[in-house]
Every structure is written in C-alpha cells, then in structure tokens.
Amino acid sequence: MSFSFLADPAFLEETVRMLFVFVLITAAFILSSRNIASLLTVYTVQSLLLVLIAVFLFMIEGNKTLLAIAALTLVSKVILIPIFINMIGEKIKISRDMKFNYLEPTASLLVSVALILLAYVFLSGFISEFVLGKLFFMGAVIGLSLTLMGMLVLFSRRKVITKVLGYLTMENGVLLFGVFVADLPFIIEILIIIDLMILVLLTTILAIGLDSTIEEYHNRLQRLNIWSGGKY
Amino acid sequence: MLFQAYFHSSPLPNPLLKVLLIITLSVFALTSALAITLFVKLFGITFLALTRTRFAEKAAEVPKLMLIGGALPAALCILSGLFSRTLILLGFGVEIPDMLVLGLIIIGTCGLVWLAVRNSGPSGGPRISKETWGCGILAQHPTMEYTSAGFSEPIVVIFKKIYRTEISSTRVYADTKGSIFKSGTASIHLIKFFEERLYLPVACAVSLVSSHVSKMQNGKLDTYLLYVFIAVLTLMIFTRFFA
Amino acid sequence: MNASFILFALLNTGFVLLVSPLFMSLIKKVKAYAQGRKGPRLLQSYYDLHKLMQKEVVYSPNSSGIMRIAPYLNLSVIIVATLFVPIVFVPEAPAGIGNVIVFLYLLAIERFFTALCGLDAGSTFGGMGSSRLMSLSAVIEPTMIIAFAALAYVLKTVNFHEMFTITAGSPIPVSPTLALISISLFIIIIVETGRLPVDNPATHLELTMINEAMILEQSGKNLALIEFTHAVKQIILMAILINILIPWGLAIRLTFAGLVVSCLYFLVKASLLAVLIGLFESSLAKMRLFRLPGFYMMAFFFSALTILMEAFT
Chain G
4 MSFSFLADPA FLEETVRMLF VFVLITAAFI LSSRNIASLL TVYTVQSLLL VLIAVFLFMI
64 EGNKTLLAIA ALTLVSKVIL IPIFINMIGE KIKISRDMKF NYLEPTASLL VSVALILLAY
124 VFLSGFISEF VLGKLFFMGA VIGLSLTLMG MLVLFSRRKV ITKVLGYLTM ENGVLLFGVF
184 VADLPFIIEI LIIIDLMILV LLTTILAIGL DSTIEEYHNR LQRLNIWSGG KY
Chain P
2 MLFQAYFHSS PLPNPLLKVL LIITLSVFAL TSALAITLFV KLFGITFLAL TRTRFAEKAA
62 EVPKLMLIGG ALPAALCILS GLFSRTLILL GFGVEIPDML VLGLIIIGTC GLVWLAVRNS
122 GPSGGPRISK ETWGCGILAQ HPTMEYTSAG FSEPIVVIFK KIYRTEISST RVYADTKGSI
182 FKSGTASIHL IKFFEERLYL PVACAVSLVS SHVSKMQNGK LDTYLLYVFI AVLTLMIFTR
242 FFA
Chain C
1189 MNASFILFAL LNTGFVLLVS PLFMSLIKKV KAYAQGRKGP RLLQSYYDLH KLMQKEVVYS
1249 PNSSGIMRIA PYLNLSVIIV ATLFVPIVFV PEAPAGIGNV IVFLYLLAIE RFFTALCGLD
1309 AGSTFGGMGS SRLMSLSAVI EPTMIIAFAA LAYVLKTVNF HEMFTITAGS PIPVSPTLAL
1369 ISISLFIIII VETGRLPVDN PATHLELTMI NEAMILEQSG KNLALIEFTH AVKQIILMAI
1429 LINILIPWGL AIRLTFAGLV VSCLYFLVKA SLLAVLIGLF ESSLAKMRLF RLPGFYMMAF
1489 FFSALTILME AFT
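Residue numbers (the working numbering), protein chains in the order written: chain G, 4 to 235; chain P, 2 to 244; chain C, 1189 to 1501.
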C-alpha cells in the first residue's frame, strides 16, 4: 500500500475537514462538561488541533507564515497557558462546575448546531465561495462558529475559570478565521498572544490581590469567593 | 419511501436545502421511534398480563361480524406493505425493496428455527407455573404491574422541556400531622402547545384592546353627545387658527 | 435469485451463527482481565447455550402467545438481518436485500417484540425494562438515522452490499469522513447491544437493568434463543463497522481461497474490535439513566456535524 495518497491535495482537504469536526466537538465538550480538569485538557486538545490544521494548510498552500503561526500556537496555547492555569488551579481546589445559567447542556448543543448554520448563512452573503475556495470558506465558517460557541460558554457557565476557557476558545475561533480568510501578518499574531496573556494575568491579579503572601491570599480568596463565581 | 427520498438527497446542489432535509430526517426518525414506543405501550398495557381495572376484567369480545370492520383495514395495511413492490411498479418506476420476499424469508426462517430446536429440552412440553415470580411477594396483584403513565414516564421526563409537563398531586391525610395517607389524586398535564402559546396570547391582546375601546363606546347617550360637543369645538378652533 | 446468492445466504448465516458466541465470551474475558481476574474460558458461551437448551421452559399463567413466539420471531428476524451484512463475500443483492432502512427496521422489530415480552408476564421488572428500553432507543434513533444517512451520502448508495463493494474495492481509504462515521457507528454498537455506559449486561439489580429486565421471565430454550439473538446482533453491528472502516480482505468475487481469506481476516479484525469494546467498557461506569440523553445528544451532535460537512461541500 503506497503512501503517496497522503500528499494528494484532495485527501489533505478531507483530513482538514475532519479536523474541523473535531475542533467543534471540543467546543461542544467545553460547553457541556462539568469536570474542570477535563475542560483544560479539552482546551489543550483544541489548540493542538489548530496547530495540526495550520500544518496541513501549509502542506496544501506552501505559505511559510503558517508554519510560524503553528509554532507560536504550539508554544503558547498548548504548553504555556495550560501550565499557567494549572498552577492557578492547584492553589484553588475547585473540581466541578455543576450549575448552568439559561441553557442546559442538551439545549446548548442544539443551539450550537443552529449557530453553525447561522454562521454559514451569514458568511455566504459576504464571501462568495467561488472566490475563496470551498475549504477556505468552510474554515471561515468554523472559525466564526467557534467564536460564537465560546460566547455561549461565557454566559451559560457559572465559574470564572470556565468563563476564562470560553474566552480562550473565542480567541482560538478568531485565529482560525484569520488563518483562512486574511493574510495574517505575524505581528497581529503576537498581539493576540499578548492580549491572551494579559487576560489570564489580570484574572490572577484580581484573584490574588496585590499582596504576595500565600496565606493572606488564601484568606481573601475564601472570603470573597471569587473563583467560585460569586455568592452561589 | 420517505426515508429512501431522504437518503438519496445527496446530489442536491443547494446546501441549505440539504441541511433542512437532514434536520427533518432526524425529527422524522424520532417520531417513528416514538410511534413504536406508543404501540408497545398500547398493546402491552391493554392486552397483556393481568387486568388492571374492574372494567377490564369484565370485558368480553364483540360479535364476530364487528371484528371484520377492524380486521379489514388491518389486513389491507399488511397486504399493501407486503405487495408494495408490485403496487409501486404499476404506477411509478421507483426501485424499492421487495417486502414480500422478505416476509416469506422471515416466516421460512422462523419455521426452520422451530424445527431445529423442537426436540431439545426435557420432554412433556412447557410447564405453566403458578404465578409470575414477584421477588418474594406471595400473591401477584395487578397493582404490581406497570401502568401506562409509568410506562411513558421516562419519555415525559426526557422531553419535559418540550412538553412542559406539570405533575400535580393532592394528598389527603387521615391525621393532623400528615403521616397516615388516606387518599389522593395525581395527574400529569401536558401543555396544549398551540392553545397556550399561540391562540391565548392573541386572544388576551384582543380582549385587552377591546376593553379599552368598549369604554369609549359604552352605549350611554351622554358619551355620544360629549363626542359631538368635542367635534364642534375642534372644528371651530381648527377653522379659525389653521385653515 | 441465483445460485450464488443462495450459497451466500448459507455460508454467511452459517459463519455468523458459528462464531457469534465466541465474541461474547471474548468481550467478557477482556473485561475480566481488565479487572484482574481470569474470566470464563473462550468457549463458555457455547456450553451455556447447550445447558440452556436442556432445561425446561416455564411459562407464567399470565403470559400470552407473545411470550411463546417472540424468541423464534426475534432469532429469525436477526438471521434475515445477517443476509444484509456480507461477511464472507459480497454477492449481487437481489430485490432490495441489503437496504439500510430495511435493516434498521428489522432491528426495530426485534426490539418491539422483546419489549412486548417484558410487559407480558406482568412483573414489575419487565415493565420497567420495556419502558426504559423504548424511551432510550427513541432518543438514539435520530443519531442512527443520521449516521447511516452520512454513509449513504459518502458512498452514494443505500445498499450495504454496494457499500462494501466500494470500500473493499478501492486500495486507498475512500474518504477520511468514514473515520468520523465509524466513531458514530461505535457508539451505536455500544447503545444497541446494551453495553456500559448505557446498560450493564452483567447485572441483575433493578437500578441498572434495561435489557436484562425484559428477558428475566424467559427460561430454557427460549432464553437460549434470545441470548443467541443478542450475540448475532452484536456481531452484525461489529461487521458493519469493520467493513466500513477496514474492509481489506473482504472477497468481492466468489473464489474458494477468497472465502477462506476473508473469514480469517474477519476473525482477526473482529477480535481486535471486541478487545476495543471490552477495554472501552472497562474504562467507564454506567451513567445515570437521565444523563443518557445528554450522552446521546453529544453523539447526535457528532453525527450531525459529519453530515453537515458532507452537505456543505
């Protein structure tokens, strides 16, 4: 069995389509999973899938910026940000996020299907798929759907750490959209990474306060209940 | 045939039409599965096992001629299903699977299986026990069986967001502390979707508007004289200052 | 109907009837090893069936004719369903045998009669099993239809015989979408055969029974036929997954060497799939009954995404 079919562009396109499905599945898991440790793993898997999509796109297109984007995403979103959130998570022992605002998991999955259709209809009014190519149009639709599903996570989950992961999903969606639609210059990519870092840092600062001792930080955390999402 | 049409819809050019077909296909499949559940419940609760109410105990079969009225459509259903290929080919040129052949194969296999296992097991035929095993309870009682509301309870719970079921119960106790139960009623109430969501709001809005309007047309002579007076004053002011 | 089809019917059905109890024991053995014990020997299912055949059949006085004919009817419907899934070689399919929709409804007939048997004897367990089974299978039905519709979209045919000819005939994978569909098919296998996390096939506690509750009243050779039906249903669903995902080795033309090769290949591939199912079962606990629609909804989302990908391109 010769492996030359792996370099066939049609086969690569089909593989990228398969990766799109898995990316949306990870977003669905973030929407409906109750276990916080698995939420972080799912986010890591999602970023890894994005790296793979960028690599496959490089194999189809040949644009070297894509490799740079892939490498940067790998380092920052697959390695650094999860380590960072893990460090925070070890100090605050929260393990489950049980309650949902407005949308139960079953209904949110149905709403996600509607969102994907809405993204398709919306984008087909602006970007004609004959100009862009079917794969790129599909990528833009998936990127927009990922952003919308991240927004869904923001309002339907209670705990702050899940909301942070939802925001990070939105960033992933914007990245995916940009990779397929725009010529993403490298500098914009760096700016996105920086604002991600600022977000995670800000949340930590809000939680810890400007003191730096661990005991005071623990007490303040217990009193204010910030990471547990308010008075609930 | 509906399913065949759905499955063959892949060459359609319009993607949104295909998406709509997929959504309706899945809802259609859900409907057909719920229909099978309904028939299990209908046949099982009505005809099988011990009778559940006094009325059912006294039920007697109707005279044979009345049975023909029900048997005739049932036989036509079965026959039109079995002979569907010949019926369709008479009018249309559509390829559908041949149910008659399948039906004959199923009956044939049933007979083969029966022949194969006929001689196994101890001789003397099956034994009829005294009663169904009830996990240690001595006498089987009709209240131990599943009721029809109990049968459909998982479906009601799974789809409760769609059906908006209300489960209401009242209890009457024999003592003041509420611990010895005397009697009670329970009911499961599904919303009537079109009445409660569509007709009633429109009807309430219309009656609200009409209650305001009815204050203006209430049939008293003085109100109409007041209207004429206001009209005369308005005309005077209008012609003097604006015309 | 030509001679090759009759030969196919005999060979296919004979092969399936012969090896299906083996795979039930294999899954039990894998689960036992995962739990640190040795488990039953591989031929134990055959001995169990033989033992059940020797016992007498006991009927409750409240049961009706349904209880007497349902085991025979179930086994014959499932045997007809095996005609739809070619395992040893792929013949020409006459008169619509091999149609996906008819296959799904044959499985539905089997479920219908098993559920009626559960209500027949008038015990509480039977009614509970019937009600749970029918409700849950109603919720999984859209996912099954969408998964098979996705297969029909990708392979452009609604007939299993033609589908297997296409997948086995091409030396390269037809489309990576088939990998996605096979994940949906794996979930359908778990649901239809009542394995963890949907239903525990080894338990007899009423909190956790769905399938076992309905067959609690059966005895003797009726129970043997029902257990056999379960085993055959398991193996034909596994065969669909195998022949869609890794079909190489399936003989398309009728030659003696081809037959032997495809039987051997099938045994190897099905053993691998059985080990995978056993490991999957050992890694999960049974889910709460009303959490299951959430799990089914995730499976539906997955199948819907697969078919949307196909529809949009």
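Just to be clear, a hint being listed does not mean it is correct.
Unchecked claim - Calculated lysine-lysine pairs in the DSBU-like style (CA-CA distance at most 35 Å, straight line):
id	chain 1	residue 1	chain 2	residue 2
1	P	Lys193	P	Lys161
2	P	Lys131	C	Lys1243
3	P	Lys183	P	Lys193
4	C	Lys1344	G	Lys137
5	G	Lys162	P	Lys161
6	P	Lys131	P	Lys65
7	G	Lys166	P	Lys161
8	G	Lys162	C	Lys1474
9	G	Lys137	P	Lys19
10	P	Lys193	P	Lys221
11	P	Lys162	P	Lys131
12	P	Lys162	P	Lys59
13	G	Lys166	C	Lys1474
14	C	Lys1474	C	Lys1239
15	C	Lys1243	C	Lys1474
16	P	Lys162	C	Lys1239
17	C	Lys1217	C	Lys1474
18	P	Lys19	C	Lys1216
19	P	Lys183	P	Lys131
20	G	Lys67	G	Lys137
21	C	Lys1216	C	Lys1243
22	C	Lys1239	P	Lys131
23	P	Lys183	P	Lys161
24	C	Lys1216	C	Lys1474
25	P	Lys162	G	Lys162
26	P	Lys19	P	Lys183
27	C	Lys1226	C	Lys1474
28	C	Lys1474	P	Lys161
29	C	Lys1219	C	Lys1474
30	C	Lys1216	C	Lys1239
31	G	Lys166	P	Lys162
32	C	Lys1226	C	Lys1239
33	C	Lys1243	C	Lys1226
34	C	Lys1217	C	Lys1243
To be clear, the hints were calculated from the coordinates, so they are not data collected in a lab. Since the model is a prediction, treat every value here as computed from it, not as a measurement.
Here is how each hint holds up against the structure:
1. Taking the CA atoms of P/Lys193 and P/Lys161, the gap is about 13 Å. The hint holds against a cut of 35 Å.
2. In summary, the hint linking P/Lys131 to C/Lys1243 is supported, as the alpha carbons are separated by about 18 Å, within the 35 Å threshold.
3. A hinted pair counts as satisfied when its Cα atoms are at most 35 Å apart, and P/Lys183 with P/Lys193 qualifies at roughly 32 Å.
4. With a C-alpha separation of about 21 Å, the suggested pairing of C/Lys1344 with G/Lys137 holds against the 35 Å cut-off.
5. Under the criterion of a C-alpha separation no larger than 35 Å, the hint pairing G/Lys162 with P/Lys161 is consistent with the structure, at around 27 Å.
6. Only pairs whose Cα atoms come within 35 Å are accepted, and P/Lys131 paired with P/Lys65 is accepted, the gap being roughly 32 Å.
7. Between G/Lys166 and P/Lys161 the CA atoms are separated by roughly 28 Å; this keeps the pair inside 35 Å, and the hint holds.
8. Between G/Lys162 and C/Lys1474 the alpha-carbon distance is near 27 Å, which keeps this suggested pair within the 35 Å criterion.
9. Only pairs whose Cα atoms come within 35 Å are accepted, and G/Lys137 paired with P/Lys19 is accepted, the gap being roughly 17 Å.
10. At roughly 41 Å between alpha-carbon atoms, P/Lys193 and P/Lys221 are farther apart than 35 Å, so this suggested pair is violated.
11. Taking the CA atoms of P/Lys162 and P/Lys131, the gap is near 45 Å; set against the 35 Å cutoff, the hint is violated.
12. Distance hint between P/Lys162 and P/Lys59 is unfulfilled; the C-alpha atoms sit about 40 Å from each other, more than 35 Å.
13. With a C-alpha separation of about 29 Å, the suggested pair G/Lys166 and C/Lys1474 falls inside the 35 Å cut-off, and the hint holds.
14. Proximity of C/Lys1474 to C/Lys1239 is assessed by CA-CA distance (about 30 Å); at most 35 Å being required, the pair is judged to hold.
15. For a cut-off of 35 Å, the pair hint linking C/Lys1243 to C/Lys1474 stands: about 32 Å separates their Cα positions.
16. Our distance criterion of 35 Å between C-alpha atoms is broken by P/Lys162 and C/Lys1239, whose separation comes to about 48 Å.
17. Restraint check: the Cα-Cα separation between C/Lys1217 and C/Lys1474 comes to about 19 Å, which is no more than 35 Å; the hinted pair holds.
18. Between the alpha carbons of P/Lys19 and C/Lys1216 the distance comes to roughly 43 Å, so the proposed pair goes past 35 Å and is violated.
19. Only pairs whose Cα atoms come within 35 Å are accepted, and P/Lys183 paired with P/Lys131 is accepted, the gap being roughly 33 Å.
20. For the proposed pair G/Lys67 and G/Lys137, the alpha carbon gap of about 22 Å is at most 35 Å, so the pair holds.
21. For the proposed pair C/Lys1216 and C/Lys1243, the alpha carbon gap of about 24 Å is at most 35 Å, so the pair holds.
22. Between C/Lys1239 and P/Lys131 the alpha-carbon distance is near 24 Å, which keeps this suggested pair within the 35 Å criterion.
23. A hinted pair counts as satisfied when its Cα atoms are at most 35 Å apart, and P/Lys183 with P/Lys161 qualifies at roughly 30 Å.
24. Simply put, C/Lys1216 and C/Lys1474 have alpha-carbon atoms about 16 Å apart, close enough for the 35 Å limit, and the pair holds.
25. Distance restraint check for P/Lys162 and G/Lys162: the Cα-Cα separation of roughly 25 Å lies within the 35 Å cut-off, and the hinted pair is therefore satisfied.
26. Distance restraint check for P/Lys19 and P/Lys183: the Cα-Cα separation of roughly 58 Å exceeds the 35 Å cut-off, and the hinted pair is therefore not satisfied.
27. Between C/Lys1226 and C/Lys1474 the alpha-carbon distance is near 22 Å, which keeps this suggested pair within the 35 Å criterion.
28. For a cut-off of 35 Å, the pair hint linking C/Lys1474 to P/Lys161 stands: about 23 Å separates their Cα positions.
29. A distance of roughly 14 Å separates the Cα atoms of C/Lys1219 and C/Lys1474; the hinted pair therefore holds under the 35 Å criterion.
30. Between C/Lys1216 and C/Lys1239 the alpha-carbon distance is near 19 Å, which keeps this suggested pair within the 35 Å criterion.
31. Restraint check: the Cα-Cα separation between G/Lys166 and P/Lys162 comes to about 26 Å, which is no more than 35 Å; the hinted pair holds.
32. In summary, the hint linking C/Lys1226 to C/Lys1239 is supported, as the alpha carbons are separated by about 22 Å, within the 35 Å threshold.
33. Pair hint C/Lys1243 plus C/Lys1226 holds up; C-alpha atoms about 28 Å apart against a cutoff of 35 Å.
34. A C-alpha spacing of about 26 Å is found between C/Lys1217 and C/Lys1243, which places the hinted pair at or below 35 Å, so the restraint holds.
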